[in-house]
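Undergrad: Chain by chain, the residues run as shown.
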Amino acid sequence: MGFLTLEGVSKVYGGLAAVRDVDLAVARGEFVSLLGPSGCGKTTTLQMIAGLVEPTAGRIGLDGRDITREKPNRRGLGVVFQSYALFPHMTVAENVAFGLEMRKVPRAERDRRVAEMLALVHLANLAERYPRQLSGGQRQRVAIARALVIAPPVLLLDEPLSNLDAKLREEMQFELRRIQRSVGTTTIMVTHDQAEALSISDRVVVMEAGRMTQIDAPYRLYEQPATAFISTFVGKMNRLAGVWGDGGVAVAGTVLASAPADVAAGTAVTAWIRPEKLHLRPMGEGRLAGRVASRFFLGGHWLLTVGTEAGDILVSVPNTGEEPAREGEPIGLDWEPASLRVEAGAGAAA
Amino acid sequence: MNRSVATPLMLASPGAVLFAGLVIVPLVLTLILSFLAYDHGTGIKDSWTLAHYMHVLSDSYYLGIFWRTLRLAALTTLICALIGAPEAYILSRMRSPWRSVFLLVIIGPLLVSVVVRAFGWSMLLGSTGLVNAALAAVGLGPVRLLYTETAIVIALVHVMLPFMVIPVWTALQKLDPMVEAAAWTLGASRFSALRRVVMPQVSMGLLSGSLIVFGLSASAFAIPGLLGGRRLKMAATLVYDEYMHELNWPLGAAIAILVLVANLVIMLAYNRAVEARARRMLG
Amino acid sequence: MQKNGPVALLFHALVVAFVLAPLVVICLVAFTPENTLTMPTTAFSLRWFRAVFEHPDFVTAFGNSLWLATIAASISVAIAVPAGLAIDRYRFPGRDALNGLFLSPLIIPHLVLGVAFLRLFALIGATGSFAWLVLSHVIIVTPYVLRLVLAALSGLDRSAEQAAMTLGASRFTVFRRVTAPMILPGISGGWLIAFINSFDELTMSIFVTSPATVTLPVRMYMYATESIDPMMAAVSALMIALTALAMLALDRVFGLDKILVGEK
Numbered sequence: 000m001g002f003l004t005l006e007g008v009s010k011v012y013g014g015l016a017a018v019r020d021v022d023l024a025v026a027r028g029e030f031v032s033l034l035g036p037s038g039c040g041k042t043t044t045l046q047m048i049a050g051l052v053e054p055t056a057g058r059i060g061l062d063g064r065d066i067t068r069e070k071p072n073r074r075g076l077g078v079v080f081q082s083y084a085l086f087p088h089m090t091v092a093e094n095v096a097f098g099l100e101m102r103k104v105p106r107a108e109r110d111r112r113v114a115e116m117l118a119l120v121h122l123a124n125l126a127e128r129y130p131r132q133l134s135g136g137q138r139q140r141v142a143i144a145r146a147l148v149i150a151p152p153v154l155l156l157d158e159p160l161s162n163l164d165a166k167l168r169e170e171m172q173f174e175l176r177r178i179q180r181s182v183g184t185t186t187i188m189v190t191h192d193q194a195e196a197l198s199i200s201d202r203v204v205v206m207e208a209g210r211m212t213q214i215d216a217p218y219r220l221y222e223q224p225a226t227a228f229i230s231t232f233v234g235k236m237n238r239l240a241g242v243w244g245d246g247g248v249a250v251a252g253t254v255l256a257s258a259p260a261d262v263a264a265g266t267a268v269t270a271w272i273r274p275e276k277l278h279l280r281p282m283g284e285g286r287l288a289g290r291v292a293s294r295f296f297l298g299g300h301w302l303l304t305v306g307t308e309a310g311d312i313l314v315s316v317p318n319t320g321e322e323p324a325r326e327g328e329p330i331g332l333d334w335e336p337a338s339l340r341v342e343a344g345a346g347a348a349a
Numbered sequence: 000m001n002r003s004v005a006t007p008l009m010l011a012s013p014g015a016v017l018f019a020g021l022v023i024v025p026l027v028l029t030l031i032l033s034f035l036a037y038d039h040g041t042g043i044k045d046s047w048t049l050a051h052y053m054h055v056l057s058d059s060y061y062l063g064i065f066w067r068t069l070r071l072a073a074l075t076t077l078i079c080a081l082i083g084a085p086e087a088y089i090l091s092r093m094r095s096p097w098r099s100v101f102l103l104v105i106i107g108p109l110l111v112s113v114v115v116r117a118f119g120w121s122m123l124l125g126s127t128g129l130v131n132a133a134l135a136a137v138g139l140g141p142v143r144l145l146y147t148e149t150a151i152v153i154a155l156v157h158v159m160l161p162f163m164v165i166p167v168w169t170a171l172q173k174l175d176p177m178v179e180a181a182a183w184t185l186g187a188s189r190f191s192a193l194r195r196v197v198m199p200q201v202s203m204g205l206l207s208g209s210l211i212v213f214g215l216s217a218s219a220f221a222i223p224g225l226l227g228g229r230r231l232k233m234a235a236t237l238v239y240d241e242y243m244h245e246l247n248w249p250l251g252a253a254i255a256i257l258v259l260v261a262n263l264v265i266m267l268a269y270n271r272a273v274e275a276r277a278r279r280m281l282g
Numbered sequence: 000m001q002k003n004g005p006v007a008l009l010f011h012a013l014v015v016a017f018v019l020a021p022l023v024v025i026c027l028v029a030f031t032p033e034n035t036l037t038m039p040t041t042a043f044s045l046r047w048f049r050a051v052f053e054h055p056d057f058v059t060a061f062g063n064s065l066w067l068a069t070i071a072a073s074i075s076v077a078i079a080v081p082a083g084l085a086i087d088r089y090r091f092p093g094r095d096a097l098n099g100l101f102l103s104p105l106i107i108p109h110l111v112l113g114v115a116f117l118r119l120f121a122l123i124g125a126t127g128s129f130a131w132l133v134l135s136h137v138i139i140v141t142p143y144v145l146r147l148v149l150a151a152l153s154g155l156d157r158s159a160e161q162a163a164m165t166l167g168a169s170r171f172t173v174f175r176r177v178t179a180p181m182i183l184p185g186i187s188g189g190w191l192i193a194f195i196n197s198f199d200e201l202t203m204s205i206f207v208t209s210p211a212t213v214t215l216p217v218r219m220y221m222y223a224t225e226s227i228d229p230m231m232a233a234v235s236a237l238m239i240a241l242t243a244l245a246m247l248a249l250d251r252v253f254g255l256d257k258i259l260v261g262e263k
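Protein chains in written order, with numbering that gives the first Met the number 0: chain A, 0 to 349; chain B, 0 to 282; chain C, 0 to 263.
Any given hint could turn out to be false.
Said to hold, decoys possible - Cross-link-like lysine to any residue pairs, in silico, SDA-like; alpha carbons within 20 Å at most:
1. Lys2(C) to Arg98(B)
2. Lys2(C) to Val178(B)
3. Lys173(B) to Met93(B)
4. Lys166(A) to Val11(A)
Unchecked claim - Now the stretches of chain A that chain C is said to cover, found in silico as 3 or more residues with beta-carbon under 8 Å:
5. 51–60
6. 178–192
7. 292–302
The set of hints was computed from the structure by calculation and includes no laboratory data.
Being a predicted model, the structure only gives us computed values, none of them experimental.
C-beta atoms are modelled at their ideal positions from N, C-alpha and C, and glycine is treated no differently.
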């Protein structure tokens, strides 16, 4: 049974549905990400859970209690805002203590818990600083500490890492996960960054145009995307249009796979394959012939665009210390049959 | 956004009551007063009349004062624009400590009473003042400056200059300094970069500054009062004399209403022109 | 950044000289030992400053102005802060009209307000009342405070208030602990602008002050039209000095260019 539950939750703004009929059950201690492009309704969903936006329909439950109409200052949830929303006129310690003060926690205990929390986020030595004297990463940790110190049943993070530069963002992802593990708080994070969602969440919820279209573990989301949108939004994907004919799936006359598809011969189908599932072979070998059109070196791997009869195909080659094929070189492509997914239809959903 | 109506009305009501009572009511009373008949022997009477408006709008004495008011206000606005805009531009190109220092020097006098500043000019422009002393030193005879329109305009420009510098400065602050450099790299001379790139973006500040300067100049009181003397009157000093010396309140009220209407008409018309321009500029 | 050329700097020097000339002349003449408005040439004297303090009219008028400006600025803050909250935070019928009413004194010439107040006060028998004079000043200075309060509110990061709410603060606590401290620079800047405007106001006040409630600018205007002696220069010099001191102090605390030029 879910610790935090959303049942049929919708939000309509002046006739426009920002969130439509959303159902979600989050287990105690779980880290769930709401992933989607801007305007998909993920932030509105988070704000409804926080109580900052009132749902038009539906029910939100916390530990078996209906909190749909409860005021935000009674819910007791921890919220980390995208802008961090630190109180500029209060020191770090005062910011963190604010929630405890509202709960009339006695001074001594308050000081102790603030100190503990600042130690957890590695900010003990900056307690007397003001927010404007901190770096972006430090402010971000103050915001997390302020939200966690009240020991909230659920921690809500709204794009918490989007204002940080790339390197810091990666560090903070680990940091966020470490803090969440050590406190064990049920956490919901909103993000538009698929890599971030995949790396730190137990489960990822993908939202498209106000609906939740897939709720899965990161690995399954990547390997078995439920919609064409997800397959291209999460990671890179090659999409090949073909026809289901005698002996298998033919793309531009070449039979690529003999995947069993429950459709009549001559039906249009779409084949999907991830760039890292493709392997380079010498010319003449493999299942498909092509010529390297462009080559990018990305450090850990190379990204090749290979021109084939079936169209341009992205191929990711791990960096093993040897240079792969050069631009203009003819090569062959191969893959495990199971890596190619075939669906009926022209892939119109993409 | 909270949609309840009770809370905002409760928050705003003390101010709303005060403003209704002390802005709308007095203005309506003054409007009524301007239509009441007046007799020099018995004072304000209970009968209605348009005589005050007819009198003011047909007598060349009053029309002359109105004309002077408009003329001097327009002249002041023009001079303020010619001095204020380049000065704001120069200020914006100064380096760190000097920029704030001179900004304070230019707009700081705003905090000094107009009476003080007018008095300062009356000493400078008087027959034995510094300006005449300087003229005498280079062999030019004494010039009568005090109690002339020139004196009024000089002092008005002095008082109004900050109101022109501030909006132009604000507009310049919003300007990306690299935009002008970009024009240079594209082959524009310094002058054409200024004219084609900087001016259009600053013109909104210039226009709103002109509106403020014109409005305040047209209803200026202390400067014509102290530098124009008893004879060179402008609208504000005229009303004051009708009220305090002639004691003809209804006539004074009629002039005040005319000043208010002229002020509003000019402001609204100007505002509309400025907005139309802003719409064109922003597409 | 491009530097200013010699022509620009000469122009700038002339503008600065023009701006400072009348103030400098006042400060010099104030120290004259003579009986006329002349520059001190051989000796400086403090006799006209002594004369000011022995002249009860100026001392009383100064006291009146100080009280008037302090009370009027404070009342206008008390009115403008809740009104600003209502206008910034809520959508309600009459909101635009209310906003227009509060800002209207900015586009009504002070002269017109002066005769309008004179008529009202005469009809209700309030002429010469200090309390009604205060209220008339509140009308004139409130728009300035309201504009600064509105600017501060619209520049406010609302998520800080939401954060306080999620941490358990009630609406009033949110205002007291978060909103108010965050818009405090706007409020104090507004109070200051209100104080200065009220303290310097002449055109409206000259219609509604009585001999008992006369303010310093009115007193000075009357004096300057009636007699010309260096005492007027001494009073003016004192006001300039006072203003300069206040500016220095405020610049230390707030950064004066921020208050004068705008909120950003």
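Undergrad: Identify every previously stated hint that the structure contradicts and give their numbers, smallest first.
TA: 4, 5, 6 and 7
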